[in-house]
Amino acid sequence: MTAVSPNSFRTGPDERGHFGIFGGRYVAETLMPLILELERAYSAAKADPTFQSELDDLLEHYAGRPSPLYFAERLTRKLGGAKIYFKRDELNHTGSHKINNVLGQVLMAKRMGKTRVIAETGAGQHGVATATACALFDIPCVVFMGAVDVDRQAPNVVRMNMLGAEVRPVTAGSATLKDAMNEALRDWVATCETTFYCIGTVAGPHPYPAMVRDFQCVIGNETRVQMMKAEGRLPDTLVACIGGGSNAMGLFHPFLDDKGVRLVGVEAGGKGVETGEHAASLTGGRPGVLHGNRTYLLQDKEGQITEAHSISAGLDYPGIGPEHSWLKEMGRIEYVSATDNEALAAFQMLCKLEGIIPALEPAHALAHVIKLAPTLPKDNLLVMNLCGRGDKDVFAVAERLGMKIRS
Amino acid sequence: MSRIASRFAQLKADKRAGLVTYITAGDPDLAISYQILKGLPAAGADLIELGMPFTDPMADGPSIQLAGQRALKAGITVDATFDMVRRFRKDTGDNDTPILLMGYYNLIYQRGPERFCKEAAAAGIDGFILVDLPPEEADELKPHAAAAGLDTVLLTAPTTDDKRLPAVLKYSSGFVYFVSVLGITGTSSATEEAVRTHVERIKRHTSLPVGVGFGIRTPDQAAAVARHADAAVVGSAIVERVKAGLDDKGKAKPDLVPGVFAYIKALADGVRGVRKA
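Protein sequence lines correspond, in order, to chains A and B. Sequential numbering of the first sequence, starting at 1, is according to my numbering. Sequential numbering of the second sequence, starting at 1001, is according to my numbering.
Worth flagging that the hints you see were computed from the coordinates, not collected in a lab. Please read all numbers here as calculations on a predicted model, not as lab measurements. Hints are not guaranteed to be accurate.
[Stated by the list, open to error] Here are the computed lysine to aspartate or glutamate pairs in the DMTMM-like style, where the Cα-Cα straight-line distance is at most 25 Å:
{"hint": "1", "chain 1": "B", "residue 1": "1015", "chain 2": "B", "residue 2": "1029"}
{"hint": "2", "chain 1": "A", "residue 1": "301", "chain 2": "B", "residue 2": "1119"}
{"hint": "3", "chain 1": "B", "residue 1": "1170", "chain 2": "A", "residue 2": "39"}
{"hint": "4", "chain 1": "B", "residue 1": "1073", "chain 2": "A", "residue 2": "300"}
{"hint": "5", "chain 1": "B", "residue 1": "1073", "chain 2": "A", "residue 2": "277"}
{"hint": "6", "chain 1": "A", "residue 1": "271", "chain 2": "A", "residue 2": "231"}
{"hint": "7", "chain 1": "B", "residue 1": "1163", "chain 2": "A", "residue 2": "277"}
{"hint": "8", "chain 1": "B", "residue 1": "1243", "chain 2": "B", "residue 2": "1269"}
Could you build the full structure based on these sequences and the hints that come with them?
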């Protein structure tokens, strides 16, 4: 595909919700009027200073923003190349970047007079964040979660229940994130007049990819200011993991027009992209239509969606946000992958070297940093989004490593 | 005139509403699915919807989800679906009963809308009902469908208000499909009053026939819809009859096909019992 590089990579989507050929609104007619209503309401909210100040206040005093930009000195020394910083979004309330988006969307639900919130979740981080915000705003909340994920992310299921949310396990299909999203859409089509669907990533029908991105851009905006303060200049390299792609989009988007900043997204390579058992939609997929948008998808020749595989429930999704698909084709972001085993090794390295237990999702980003940093000069400023903490993963990782949890 | 337009013109002349029956292509396997397809007109179907199974049917309830899984497991493909229709036209000599493909857009997108439409038309297919292609995205299919002589039946829902209806109708041909309830296939049913109100509302905007579906399970419900609409669409309840005809191992029992036809005959009797002006 030959594309003329635009003056800005930050102007999308167009009025129909397209990023190039990607994005759009491929949903049932029943939902279309509601999606148009959301688009109007979101435009109005963006122009309303009280909405932004209410959100900013929550982000600061409730979620704990700004999250620190931390120089990982021991890791930097160990890898012997780029100067590595972590954007510590794992320190947010609820333990990941998901709260940034959820607070914005639940404020939207309130503005629109919706009386019930639904969400899909993979690793449970978005589910926990949504359950948290719904508790705070006293809105009933139902979270759809694949039965496989309910099992492998049990601590988050308990947290959601404690926060008053109902978790509905989904057994259809592969019983992971994509099936949870199908089920959430099925619920929404029956309840759309009263229910707000709080999507957890930069995917789904327009305006979700743009709206979720906007709410997550706080990550990149803060990084910009913090790096100027720490080093007096912009970073050289940004690295983030990608499932649907919200933490990566939040970090990258404010830097898209800074040509000197290299952007690297790390997909889940599962057992290896060459094995076919992976979740690397951009590396191993091709454009298709699912869950309301056109984007890169893992699919067979006919267009049937194939099952993703990843040790990380949060990356175990056969699609990706449509703006990432566009940025891939524009050549602005490099997309690579890291395998289950590489992520596990990175997870362990971070625990011992920096005293930080990361979630398995950013452990994929770290796995790539481990490969990339040694190839870069020592004055290369690299920021990795440490987008989630690993409390939810400790039992699954312990089991995988053959560690004995209790006698 | 398309097969769909001709069929509705004939129904009007006969002073009755039509019965539209949905089956999932390849459910429970290719051979039995074809047997059912072949016998639908004789059982009382006026139009046929042939479901194209998709791994992620986000607007379908459990009955049609499971039917799709059975069919995919049995090896259904787009080509095999086209082949079923080609054989139907040849074996039965029925060149009048319209057959519409129902499903999700990705299968069409992967083949390419232009090629898909040409091949579908050549196989004897008459149109599309696509769940996830609202008017906002219909531009990428409509010209190719029109060029191949295929109708595009867009869905309208209770949430489609008078302001939005013209946009939906702009891309609709053949008939208009009114989804009578908020929700997925095969769950709740609309009241007769709600059906009447919405059909009257839609008819103020278009001269196209209006078919009503979602949640119709009994001959009485089919008759109630037939009193107000030009056709009643039954899907999940038929697919459930297919499932009921399977043994524990998922193999078809001898009474599966006759059971499906008997049920469709009862629905057809319900619809045909209503005299229209």
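TODO: Take a quick look at whether residue 1243 of chain B and residue 1269 of chain B sit within 25 Å of each other, Cα to Cα.
DONE: holds, 23 Å
Open item on the list: Check whether the Cα positions of residue 271 of chain A and residue 231 of chain A lie no farther apart than 25 Å.
Closed with: Not satisfied, since the Cα-Cα distance of roughly 38 Å exceeds 25 Å.
Open item on the list: So if I understand the rule, the pair passes when the alpha-carbon distance is 25 Å or less; does residue 301 of chain A with residue 1119 of chain B pass?
Closed with: holds, 17 Å
- [ ] Take a quick look at whether residue 1170 of chain B and residue 39 of chain A sit within 25 Å of each other, Cα to Cα.
- [x] holds, 23 Å
Open item on the list: Checking one constraint from the list: CA of residue 1073 of chain B to CA of residue 300 of chain A, max 25 Å. Satisfied?
Closed with: holds, 14 Å
TODO: Would you check the hint for residue 1073 of chain B and residue 277 of chain A, treating anything up to 25 Å between C-alpha atoms as holding?
DONE: OK: residue 1073 of chain B and residue 277 of chain A at ~20 Å, within 25 Å.
Open item on the list: Check whether the Cα positions of residue 1015 of chain B and residue 1029 of chain B lie no farther apart than 25 Å.
Closed with: Given pair residue 1015 of chain B, residue 1029 of chain B is violated - Cα atoms ~37 Å apart, limit 25 Å.
Open item on the list: Please verify whether residue 1163 of chain B and residue 277 of chain A have alpha carbons no more than 25 Å apart.
Closed with: violated, 47 Å
The structure does not agree with the numbered hints 1, 6, 7 stated previously, though it agrees with the rest.
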